[in-house]
Each structure stands twice: as structure tokens, then as C-alpha cells.
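Student: Residue numbers for the sequence shown follow my numbering, beginning at 1 and rising by one.
Treat the hints as calculated values from the structure; they're not laboratory data. Check the hints yourself; a few may be wrong.
Stated by the list, open to error - Think about it this way: if two alpha-carbon atoms lie no more than 30 Å apart in a straight line, the pair counts; the simulated DSBU-like pairs of lysine-lysine are:
hint, residue 1, residue 2
1, Lys211, Lys160
2, Lys29, Lys338
3, Lys279, Lys209
4, Lys132, Lys106
5, Lys305, Lys29
6, Lys60, Lys305
7, Lys60, Lys334
8, Lys198, Lys209
9, Lys209, Lys60
10, Lys305, Lys211
11, Lys132, Lys177
12, Lys211, Lys106
13, Lys344, Lys334
14, Lys279, Lys305
15, Lys305, Lys334
16, Lys77, Lys157
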Amino acid sequence: MPKNKTILRLVLLSATVISLFFVPWVLVKAWIMPLPLTVQAQLDEAIDLGLDGMIVYVDKAGQPPEFYAAGWHDRKKQTPADPHALFKIASISKLYDAVAITKLIKAKRLSLDGTLADYFPELVGRIEYADKITLRLMVQHRSGIPNLTESPGFWSKPPKNSEAALALILDMPANFKPNEDYEYSNTNYLLISNLIEKITGESKFDYFKEKILTPLGLQHTFGSINEVNVDDVMSGYYVGLEEDLKASEYGSRITSMIATAQDVGLFLRALNDGSVFAKGEQEIYSSIYVYEHTGWVPGYQSIAKYHQDIDTVVVQFNNTTGGYHWNTAEIVNKRIVKILRREK
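I would like the entire structure built from these sequences, with the hints used as guidance.
Tutor: Laid out in C-alpha cells, this is it:
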């Protein structure tokens with residue numbers, strides 16, 4: 001064998017060994033364990049991998065919904081996980097924002113080509129390229145506006161309200177020129193929330209209720225934890241902290257929406273089959289945003305996806321974050337879908 005090929009193989013072998021050395025074994029274990037026979041058995045294995053509690057909702061087209069839970073609803077009280085519990089859905093709410101924007105565009109109350117300068121002239125000079133950042137670019141995370149949740153100390157000392165949150169990125173240089181790159185930024189959706197309220201003259205969540213939730217019959221979706229009985233909300237935990245994070249409050253418009261897995265699943269089904277839209281709206285939505293989402297705030301991780309090949313919606317909540325739990329939950333989610341495909 002030529003010397004150069006021998007050296008190359010040794011380098012590749014060394015790289016493989018090094019990569020395996022640095023892969024956390026909890027993730028290796030999650031991948032290599034034999035696939036369980038049932039979704040419930042997979043949830044039980046997830047708890048053994050270190051997650052405190054998990055909820056899964058499955059909607060197979062034409063069949064009754066399936067509800068699964070494992071672990072703790074409240075670790076301190078030793079209350080078992082409840083598949084109908086409320087949960088902080090975090091960035092899954094961006095799907096609702098995008099639907100609301102779509103409806104306002106179709107009603108000609110907003111324009112995708114309208115700029116940040118058009119809608120918020122007071123931000124000219126405070127957000128770079130305000131005259132070139134369009135609503136379309138904000139919805140698609142192509143604005144270049146810095147992400148406020150990456151500001152130093154955001155999670156340890158969160159801002160009291162949306163105005164204080166926005167102030168964290170004012171007068172900062174853009175991360176890139178508008179439409180020249182993609183970068184997920186929660187600032188985009190804080191501004192979108194403000195815009196929905198400015199245009200409609202009501203709270204964003206009231207607009208959601210009028211245009212999305214009530215028409216779909218979703219009665220277990222709320223604007224924040226302040227609107228519900230706190231005991232109905234699944235507790236949330238972060239690795240290394242004993243504190244229950246469910247009562248954490250980040251201000252009215254940056255506090256997570258609260259919902260059951262079933263309500264999220266019903267919304268996701270309506271989003272994907274088009275029943276959440278009026279005539280002409282789905283074409284607009286398809287041009288600006290995605291049809292699935294994940295969510296994360298301290299103590300809460302969520303995954304909401306529609307799997308077209310088996311015509312099935314899967315919503316997964318787990319209440320432990322930090323460490324490698326994001327990766328663990330994603331592996332578990334993929335294994336659950338494999339089980340469902342096998343059943344199909």
C-alpha cells in the first residue's frame with residue numbers, strides 16, 4: 001500500500017477514535033439501545049437517561065389521539081407526569097406568530113416588503129439597516145439583528161419587560177447585512193410581536209385567540225403562566241439546579257406561551273393541512289416560514305413535527321435542560337418516530 005494512503009488511513013482512524021472519545025456516552029447509549037416495542041417503553045428509557053419528565057402526543061390521521069407520559073410532573077412532590085399537563089412551549093410560538101403575520105398580510109394590513117423603518121421609525125439609528133430590514137426578513141431570521149437572548153446575563157438576570165429586552169441590542173452593529181445570511185434571532189420575533197399589537201390595537205395573544213385558537217377550538221393554550229393555575233404546569237429543571245423553574249417570569253411578551261401537547265398537536269395538524277388558513281393565506285405562509293418547530297427556555301424543551309410519510313403529528317415535551325439533554329431528547333424523538341413508522 002502506498003505510504004501516503006497508509007498515513008491517511010491512520011489519520012482517519014485516529015480522528016474516529018478521538019471523536020468517539022469525546023461523544024458523551026449517554027448519547028451513545030441513547031442511540032445504540034435496541035429500539036423498544038412501544039412509545040411508552042421509549043419514554044421510560046428516556047427517564048433512565050436522566051430526563052426528569054416527558055410527555056408525548058401522537059396524532060395519526062383517522063385514529064384517536066395517543067397520550068404518553070413518564071417521570072415526574074413535579075419532582076419535589078413526586079407527582080407523576082401527566083400527558084394533559086400545561087407546558088412552556090417557548091419558540092414553538094413562532095409558528096403562531098407567522099400565521100398571525102400571514103393573516104395580516106392577506107388582509108393588506110401589513111406588507112412583507114414593509115421595512116422596520118416604516119413600522120417603527122423610532123428605531124432608525126438604533127437598529128442598523130432599519131430602512132432595509134423588511135418584515136419578510138425578520139420572519140425568516142435573515143435580518144442580521146443581534147439575538148437579545150445571547151446578551152450577557154440574559155437568563156440569569158432577565159429583563160423585566162419587552163422594552164428592556166429590546167434595549168439590550170439597540171445601537172449594536174448588525175451581525176450581517178440584511179438578506180446576506182441566516183441567523184436565528186429572538187429579537188426578530190419580539191419586534192414582530194410588537195408589530196402585531198401596533199397594527200391590531202390589541203394584545204398579540206388576544207389576536208391569536210380571535211384568529212387561530214377559537215376557530216380551531218383550542219381551549220388549553222395561554223399567553224403566559226400568569227393566566228393559569230401554576231400547579232397545572234409541568235415543573236421545569238436545569239442540570240445542576242434544584243430550583244423548579246416553572247414560575248420564572250421574563251416579562252409579558254417574552255414569557256413563554258403555555259399549552260398542552262394536544263393543543264399544540266391540533267394546531268400543528270391544522271397548520272400542515274391548511275385548515276388554520278383562509279383562502280389565499282397558505283400560499284403566503286409557505287413563502288415565509290416553516291411548518292414545524294422546536295422550543296427551549298430553561299427547564300423546558302419541546303419538539304413539534306408533522307411526518308408526512310406516515311401522516312402523523314408528534315409533539316414531545318421534556319422538562320430537563322442543560323448538559324446533553326437537548327441531544328438526548330432529539331435522539332429519543334427520532335426513535336419514537338421509528339417506532340411509529342414500524343407500526344404503520
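Student: Decide, hint by hint, whether the structure agrees.
Tutor: Results of checking the hints against the structure:
1. Between Lys211 and Lys160 the CA atoms are separated by roughly 28 Å; this keeps the pair inside 30 Å, and the hint holds.
2. Restraint check for Lys29 and Lys338: the C-alpha separation of about 17 Å stays at or below 30 Å, so the hint holds.
3. At roughly 19 Å between alpha-carbon atoms, Lys279 and Lys209 fall within 30 Å of each other, so this suggested pair holds.
4. Using a Cα cut-off of 30 Å, the hinted pair Lys132 and Lys106 holds, with the two alpha carbons roughly 22 Å apart.
5. Only pairs whose Cα atoms come within 30 Å are accepted, and Lys305 paired with Lys29 is accepted, the gap being roughly 24 Å.
6. Of the supplied pair hints, the one linking Lys60 and Lys305 holds, its CA atoms being roughly 12 Å apart against a limit of 30 Å.
7. Restraint check for Lys60 and Lys334: the C-alpha separation of about 16 Å stays at or below 30 Å, so the hint holds.
8. For the hint linking Lys198 to Lys209, the alpha-carbon distance of about 17 Å falls within 30 Å, and the restraint holds.
9. Between Lys209 and Lys60, the direct Cα distance comes to roughly 26 Å. Compliance with the 30 Å bound is thereby established for this hinted pair.
10. Note on Lys305 and Lys211: the hinted pairing holds, with a Cα-Cα distance of about 22 Å set against a maximum of 30 Å.
11. The suggested pairing of Lys132 with Lys177 holds, with an alpha-carbon distance near 9 Å, which does not exceed 30 Å.
12. Proposed proximity of Lys211 and Lys106 is supported: the alpha carbons are some 13 Å apart, at most 30 Å.
13. Between the alpha carbons of Lys344 and Lys334 the distance comes to roughly 15 Å, so the proposed pair stays at or under 30 Å and holds.
14. For the hint pairing Lys279 with Lys305, the CA-to-CA distance comes to about 24 Å; that is within 30 Å, so the pair holds.
15. Distance check on the hinted pair: Lys305 and Lys334 sit about 11 Å apart at the alpha-carbon level, within 30 Å; holds.
16. A distance of roughly 27 Å separates the Cα atoms of Lys77 and Lys157; the hinted pair therefore holds under the 30 Å criterion.
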